[in-house]
Amino acid sequence: MSPRNPLLALAAFSLLLAGCGDEKVTSYRVPKEKDPEMPGMPAAGAPDAAAPEAAAPAGAPPAGPSMADTAVPTAEGAALTWPSPAGWVPKAATAMRKGTFAVPGDAGDCDLSITAFPGDVGGELANVNRWRSQIGMTPLRPDQLDAGVTPLQANGLTFTLAELLPSGDAKVKSIIGAMVPFGGGTWFFKLTGPKASVQANRDAFLAFLRGVKAP
Amino acid sequence: MPEALKLIRSILVSLRLTVLLLAMSIILVFWATLDQVHLGVWGVQQKFFHAFVVTVRVGELQVPAYPGGYTIGLLLLANLLCAHIYRLKLTWRKLGIWLTHAGLILLLVGELVSGLVQRDYMMRLEEGETKNYAESNRQYELAVIDTTDPKFDQVVAIPTSLLARGQVVQDPKLPFRVVPKGYFPNTDVQMRSSVPNAPPSPANAGMGPMLAITPLEVNYAEDAHNLPAAYVELVGPEGSLGTYALVDATRLPNPQKFDFAGRSFKLLLRPARRYQPFSLTLEKFSHDIYPGTDIPKNFSSKVLLNPPDGGASREILIFMNNPLRYAGLTYYQASYDGEHTTILQVVRNPSWLVPYLSCGAITLGLVIQFLIHLAGFARRRRAA
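Same order as they appear, the protein sequences are chains A and B.
According to numbering that gives the first Met the number 0, the first sequence is numbered sequentially starting from 0.
According to numbering that gives the first Met the number 0, the second sequence is numbered sequentially starting from 0.
So that you can see chain B by itself, here it is in the shape it has in the complex (with noise of 0.2 Å):
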């Protein structure tokens, strides 16, 4: 084995290694609690632990200053791993430490993939209102709606990410193509007329001439809404067909439209939706109070389940504590608006199980260890 391999082998298996990482993950959960004043809870997960590095901004520049949660998790999990192959030996006698290695590999493992594939989106349902959508609570999407069939809408769903990175989008289903002229996560729009120094807008078609958009900062408030807008040029065969200023659909809900080509589209930038094969009609939803106060006792939906093979639907109380799980989503009672509107709250997390079972393997581990030592140590006493 070349030196520089030995050289990382025996970083890797070190317990210094250990040490210096739990140390440093002290220092980031430190530092972060810290900045949590600033960002709020999600930018703070965000900045420090779902990412591999931590940037500061230095004037206009952000810099990379300290290793973020993925990579500190994915070096203590190497550690862990070749220090089970190179130093400790498979044996009865380890059978506990093993356990508990694994288990703690399982939940380093599991935090890793949770934190990358999980969703979670938002529900709204007022009584007697059937939907097969979840919408997500910060992603937004541009929804580019063809209208022409009178009876089915085709959707092309444009994450906004994409706009983010001005990529430009050809998708078959679009006599044009979509090209971000620029997107602001967070703006203040206003009626143009009311800003008479706003500078010229680049949008030339639908309502974009009529407004003024204003980035503002990102508001990482726990509870802050930031609401985007986005020109977009559409270009067909024939050359640009307008570039159009997209509000987010809380400010600007009805759509813009244009027809091209014979068809008709809809423009409309919306949270970003997720469609499943079955769908929920919220039967009543109950909110009890203590009785002669506005303290909450008890939110509860009553939902219908209406399955994707169209068998028969089944009613579902969620309430707290008492969600529903049904194709790999969890509905949870998150909120309500007024008293016939629900909120649930909708997570997609397919490691959900993985913390249960670390822990479980975390457990028997140290039990186990403990009896064998326990063994040895009556073993020895009575010996002597």
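Next up, chain A with everything else stripped away, as it sits in the complex (with noise of 0.2 Å):
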């Protein structure tokens, strides 16, 4: 063996190692992955180039406190109470979220979600929208917002309903939400299971919201 042999096939083993990492763009096929749990945000608009403005999400919330580190604001300040029905499992609340109960259903059991952002969060149409996107089912036009939800009076406290039971089996998901504007905020009940779980449990589910108080 020439004596600079072995030289050369060390440098170009360092450089082979050098050139080793995860720097290469991948592509794969997944199944579907479930989105996480937000209701602050709503999908984007498609992006426009001609009018960009346009393509901000309707749900950009207009004014909110200082939120620190993260991008998320959930709403501060007074918070509403509720009650915690029987057999329903209260669960730790988290950042995103200031109340969650695991409901039981005989079709599988249903997640209740209580979670608040500042301003109006898009408003009424966006949100029952973004639901509606969140089950497959098709949105509504602004006009026929009024005939889609239901207003529920309660302790001083005007919330908006919908109730989205798609067509199809008692397994087919299914959300009964509900919205109300209180202390600069919005608060969102979102009653997500099977459709038989969750029709199962409405009216426990419109019982809770008569219970949910203002401090």
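Do not take every clue at face value.
One side of the interface only, derived from the structure: several residues of chain B facing chain A at Cβ under 8 Å [said to hold, decoys possible]:
no., residue
1, Leu94
2, Lys150
3, Ala156
4, Lys172
Since the hints were made in silico from the structure, they are not lab data.
Glycine is no exception: its CB is placed at the ideal position from the N, C-alpha and C atoms.
Both chains come to you apart, so use the hints to assemble them.
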């Protein structure tokens, strides 16, 4: 072996190793993943080069308190209170949620999330349509909104209730959601689960909403 | 042989170089130990040891100041190899020295290889959850996900190192180009409405116009989480589709969505994922403590390994010092979150056996050399 060869081989080897890394663009196909729950962030509209302003999401919080180092501000200040119905399993609040319950049902458990965000979070239509899109329903036009929601008065609060039960079997994902403006923000109560379980818990959910109180 | 090459050869085979390099290693280790106060273990490893050159900041410039661990290691390796080629003779009497040196060479090469190819990931599993991917601790990726197909998502994952370099990405799976407009490895993000003096945002689509992103210094502390953000412009055949601001998924977990060319897309800046052809299901996480105290006694994760061939799943218990090794990956019980969520450290290190082999070779070589000397000594003693 020529004396230079080992050195050349060593240099080539080190260059080869230096080239190792995960810097490549990769593409692959995976089964669908569920997006995390976040009522404050509706989907952005289609980008439009001619009118970029129009691409801002409908749910842009118009104003809000300082959010420290999170991009997703929850409504601060006075909080609503709610009952803890028997049989519903309360879970720890998270950074995103003010409260969570696991609501048992024959067709599978439902998830009740309680969240709050500053401002009107895009308004009723944007929020109802966001819920509809989460379960594969077509969005409502502005003129269809009044027919698609019902008001619910309780303890001086006015909830806007949307019952979203798509056609399909008992397992199809459904939502009964309610939103209420309070303290400069909007509070969302959303019951999500298989259709049969959501329907079975509808009355209990309405009773729960009637138990929600301002401090 | 030309004079210059002879000079290089004589330098490379010299024992003085060995001593010099060992002294330089000591200085490197000492300097790195002092700097650990500022950078933490991971930062020091990257700056001093997993680097060819150690740089220091002079004003606005990064100036090379000292050879890094790779350079010193490679020179030591070259020194050792050259010494073997030019000085040591292959005889039975030198077998022990050959074996010891071979072990050292293997150790140096193994460390270099593992430094360059080892990857660490985390896998967070809730009880009942199944995952076929692990996530990087420190690296992020921009996931451009085509959600048009009702059953599958087509993912194009772009490492943030490409965004940082400003490299334009044109992937055949995407009907648009991804043009990086800025990448910040650590940021503070606030709603624009609460930062009235924030400079105008380069973003004009999605959440971007509502966010005020402030770049921060990278924090190298061991338990620090640097939260990145990026601006990317999407450019279709007809022109720009808008510039998006992307914030890491821990702060903005909901992807930004849009439709283009009859397809639906979402954008997400998330920890880099490594998919594997098998999945793990967490059956039960156990967290035992010593009775009457909060002192942890044992953590263990009972997982179901679902192999890629669709064969029968098997149950495995992962606990401290009892990792799962499968398909080139090692799953260690690393941490937990609450009573029902385990966090496994996932390490891919193809050269994990090398240190064991090299230590074996070094030990064997030293024993053989000792025995050869002992035998010679005994012979001489008998003869006397």
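Evaluated hints:
no.	hint	verdict
1	Leu94	21 Å, violated
2	Lys150	7 Å, holds
3	Ala156	5 Å, holds
4	Lys172	5 Å, holds
Hint 1 from the earlier list is the only one contradicted by this structure; the remaining hints agree with it.
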